[in-house]
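Single-letter residue listing:
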Amino acid sequence: MNSYAFYLGCIAPNRYPGIEAAAIKTGKKLGIDLIPLKGASCCPAPGAFGSIDLDVFYAMAARNLVLAEQMKSDIALVCNGCYKSIWEVNHKLKHNDDLRDNVNEVLKEIDMEFKGTIEVYHLAELLYDPKIVGIEKIRESVTNPLTGTRIAVHYGCHLIKPKKERHFGSTDRPTWIEEMVEALGAEAVEYRNKMLCCGAGGGVRGYDIVHALDIANEKLINLQEVQVDALTDICPFCQLQFDRGQIEIQEKFGATYNLPVLHYSELLGLAQGMSPQDLALDLHGISCEPFLQKIL
Amino acid sequence: MVEAKKSKKESKSSKEHKAPVTAAPAPAAPQVQQKPRVGVFICHCGTNIAGSIDIPALQEYAKTLPNVAHVDNYQYQCSTPGQNKIIDAIKEHKLTGTVVAACSPRLHEPTFRMATKEGGLNPFRFEMANIREQNSWVHMHDREGATAKAKDAVRIAVAKASLLEDLFPRSVPVEKAAMVVGAGIAGMQAALDLANAGIKTYLIEKNPSIGGRMSQLDKTFPTLDCSQCILTPKMVDVGRAQNIELMTYAEVEAVEGYIGNFDVTIRKKARGVLTPQEAEAKGIVGGGCNGCGDCDPVCPVVQPNEFEVGMKPRKAIYISHPQVVPLIYTIDKDSCIKCELCVTACGDKKAIVLDQEDEFVKLKVGTAILATGYDIFPIEKKEEWGYKKFDNVVSSLEFERLICASGPTGGHLIRPSDGETPKKVAFVLCAGSRDNTGVGKPYCSRFCCMYSLKHAHQIIEKIPGCIPYIFYMDIRSFGKMYEEFYYRIQDEGAKFIRGRVSHILEDPETKNLKVFADDTLLDRPITLDMDMVVLAAAVQPAEQTDKTRKMFGVSCSMDGWLLEAHPKLNPCGTTTAGVFLAGVCQGPKDIPDAVASAEGAASAASIPIHKGEVELEPYFAQCMEEKCAGCGMCVNLCPYSALALVDKEGKKVMQVTEAKCKGCGTCGAFCPGGAIWMQHFATPQIVAQIDAFLLGGEQ
Chain A
1 MNSYAFYLGC
11 IAPNRYPGIE
21 AAAIKTGKKL
31 GIDLIPLKGA
41 SCCPAPGAFG
51 SIDLDVFYAM
61 AARNLVLAEQ
71 MKSDIALVCN
81 GCYKSIWEVN
91 HKLKHNDDLR
101 DNVNEVLKEI
111 DMEFKGTIEV
121 YHLAELLYDP
131 KIVGIEKIRE
141 SVTNPLTGTR
151 IAVHYGCHLI
161 KPKKERHFGS
171 TDRPTWIEEM
181 VEALGAEAVE
191 YRNKMLCCGA
201 GGGVRGYDIV
211 HALDIANEKL
221 INLQEVQVDA
231 LTDICPFCQL
241 QFDRGQIEIQ
251 EKFGATYNLP
261 VLHYSELLGL
271 AQGMSPQDLA
281 LDLHGISCEP
291 FLQKIL
Chain B
1001 MVEAKKSKKE
1011 SKSSKEHKAP
1021 VTAAPAPAAP
1031 QVQQKPRVGV
1041 FICHCGTNIA
1051 GSIDIPALQE
1061 YAKTLPNVAH
1071 VDNYQYQCST
1081 PGQNKIIDAI
1091 KEHKLTGTVV
1101 AACSPRLHEP
1111 TFRMATKEGG
1121 LNPFRFEMAN
1131 IREQNSWVHM
1141 HDREGATAKA
1151 KDAVRIAVAK
1161 ASLLEDLFPR
1171 SVPVEKAAMV
1181 VGAGIAGMQA
1191 ALDLANAGIK
1201 TYLIEKNPSI
1211 GGRMSQLDKT
1221 FPTLDCSQCI
1231 LTPKMVDVGR
1241 AQNIELMTYA
1251 EVEAVEGYIG
1261 NFDVTIRKKA
1271 RGVLTPQEAE
1281 AKGIVGGGCN
1291 GCGDCDPVCP
1301 VVQPNEFEVG
1311 MKPRKAIYIS
1321 HPQVVPLIYT
1331 IDKDSCIKCE
1341 LCVTACGDKK
1351 AIVLDQEDEF
1361 VKLKVGTAIL
1371 ATGYDIFPIE
1381 KKEEWGYKKF
1391 DNVVSSLEFE
1401 RLICASGPTG
1411 GHLIRPSDGE
1421 TPKKVAFVLC
1431 AGSRDNTGVG
1441 KPYCSRFCCM
1451 YSLKHAHQII
1461 EKIPGCIPYI
1471 FYMDIRSFGK
1481 MYEEFYYRIQ
1491 DEGAKFIRGR
1501 VSHILEDPET
1511 KNLKVFADDT
1521 LLDRPITLDM
1531 DMVVLAAAVQ
1541 PAEQTDKTRK
1551 MFGVSCSMDG
1561 WLLEAHPKLN
1571 PCGTTTAGVF
1581 LAGVCQGPKD
1591 IPDAVASAEG
1601 AASAASIPIH
1611 KGEVELEPYF
1621 AQCMEEKCAG
1631 CGMCVNLCPY
1641 SALALVDKEG
1651 KKVMQVTEAK
1661 CKGCGTCGAF
1671 CPGGAIWMQH
1681 FATPQIVAQI
1691 DAFLLGGEQ
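Protein chains in written order, with this note's numbering: chain A, 1 to 296; chain B, 1001 to 1699.
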């Protein structure tokens, strides 16, 4: 069993607690032991903090990293925004001595020191990596295949971009999450402009909600064209944008889609036989019922 | 008047230079030296040095150093009065060596050696202290530190100058032949110039035909000449020139030797088809390939034609286009099924030899020119534009073939998806060039702006109502009549959008393309529907450039382009004497620049040949025979095969072939008996420099 310090972030525990439950329970069946990272703060959000005060941004992320260093565990997380902050800060502090010294100067006040002894992973990359889990094991763990459903994937930006600082291969035509979707028995569906942003990131949702929703709406139109049963994501913030965003889009633009939106962990949970109650799917803004009826 | 005086002096000195060549060789052991008297000359280089270094303090310090007999400073030591100061001081103060503290030796070492010589000393009695590039320029804001460092540099140079000895360069004869690698427009021009100057020239081309990239182009900017029309006469000239020995379908296999005497092995790849000359040599009278093409229709194997970027078929036995030089068919061994139908069709000419094998030819040449050209960057790596994913996204080279009358469509531009004529065509400039994302190339590919303007003109001219949309960062119309051409294309109705294309989407049914970009002049995003997109892809060094350059010992820059000896003042030479660069292998160039650089390289490469001999710097290893134990371990270490063991008076000793020795010092550093004397970098000299640095002059 590989064990990791599980960094939850903000949106998953507060808005979609099913993601947390699913990650921990499905992980156990696949040899991943997620141990909650106690005392963690906000990652902090790359747009909201990173574009205002970098010193605070580095110091807060470093504090989260040090908590995991003290556990002697690598970090696993479920959100692209958290990945951007924590993975990138870990990477930068390991390679930039000046920055590291500055950050450690701040951390000294709380008797902490960044040592650079751990790695940061997105749960999705651990699931895809055949050395950790891999497609085969995912397929074997499925007890309730999602056969007959058509599912589209939203990758989100922060995990795989910018290309020169990431290691996930293609940034424009990735298909590895589709492979993971098909391992659950569903049909993965391509759609127009798949790699378009959800519209929420970079502080846009907070700053200009209409603009943010306009981008999400364009994606929803493209998804409607290909008639999918659900959209899956690997980022709670993207999920929030597409799920609650549909309600806002209905209010502001009058367009109705009723497209269920599920985090990949939630899909994996359903395929492994977790109940919708266990996954708290009733807390989603858009009802997952039509999708559930196809698979249960 | 100054010039006349100088040239007179030079001719006098070059006569003097030659004299020791036939005289006895330099002694192979430390010479007996009189008490050293070193003169130190400090250059201000205007404010380049004097602005950051305290010259009076440095001068006072130099006076205190051991063996220093005279110190002087001057505003520009390299000027005629500056040099005269050195010449006069040598005579007046009976100096045995000189030190100039100034710029890099790469710049002015020859100047001051000459001055030292004119003062009556051997030119190798001069040592340079670099207090500009390695000091004042990098420590511009630290006057105190820079001055202290300059004192160190001068002290070290004085220590070495005290121990320098007379050295005599060797001259070696130069083979009266040259070689050009690559027969694109640059290589062809260089070969023609050399041949016309009366030099036997071997022209090596890896493809079956000469002509290179230029032969694939339809028209040339800004004159709109047909590319083939201006190129083929030159190709014919190359084929006919008496002094050019053309070797197509051949590659450089190995290079040995040095300037004046390169021994080159050429691999003549098995073509499977005999030329008339080869046939005659085999006793087949009147045989060999005459280009009749009887073999082509009978060959059952169909392959994509590389010359047409794969858009037209060829057979396994083929010529890539009608104007090839030489007009000899070639068999693609990888796809030939040896059915022998072509052998039958060829009949009495007996030109086809299916089991032919590669042949190796040895050549001896005095100088060589590399003109290995470029390839197109694999633009599918820039995934956002969908090249090789979307049918109607093509590269500029594909566009050239599609718009060319002799191309796969007879010059009718069509959409690859459905054969329809496009009405809206987008051109994406800087596709993979000026790209700092880590995927593309950071440099400007230089000729894409101009050929894209030409492409825009061509579609306006050929397709009524068709509108070109040019997405650009800047239009770099840098040459003669280029800016005028840019205005002309604007007037003809091309649309220019300043901004990069972020991504392209394809409609799966119509295969039309949606182009997303940022219009930076209007400061807003823009989306346009296009029938076709042409990517002006970056260029990169040709595939085998790296292998070839290593054989010739030529360096390359970080991006792989071959490195010239000096970017401004020696653009055709390389750091390997006798090897020169022509055309795009050195960096992106349009046709006029490639031809100009080829003519420059040909001129430079002909100089040693016409001179007849070259002088080698006398930094050779020397064997001190009384100390040599004859173990021979140095012989195997030498990377240049310059050393050998010989019997001398009943004893085995090492002997150096001076012309082969590059003075790298590998043998000298290794020799367990300390029996190898590295001229100009001898152990006592280097030890004195180290001591001078570490002990602060207290030796």
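If you're looking for bench data, these hints aren't it; they were derived computationally from the structure.
Since we're looking at a predicted model, the values are computed, not measured.
Among the hints, erroneous ones may be present.
[Claimed, not checked] Here are the simulated PhoX-like pairs of lysine-lysine, each with C-alpha atoms no more than 20 Å apart in a straight line: (1) B:K1269 - A:K194; (2) B:K1381 - A:K194; (3) A:K161 - B:K1441; (4) B:K1550 - B:K1660; (5) A:K194 - B:K1514; (6) A:K164 - B:K1660; (7) B:K1333 - B:K1268; (8) B:K1381 - A:K161; (9) B:K1441 - A:K163; (10) A:K115 - A:K72; (11) B:K1550 - A:K194; (12) B:K1333 - B:K1269; (13) A:K164 - B:K1550; (14) B:K1381 - A:K163; (15) B:K1381 - B:K1200; (16) A:K194 - B:K1362.
Fill in: Numbers of unmet hints, in rising order
Structure breaks hints 1, 6, 11, 13, 15, 16.
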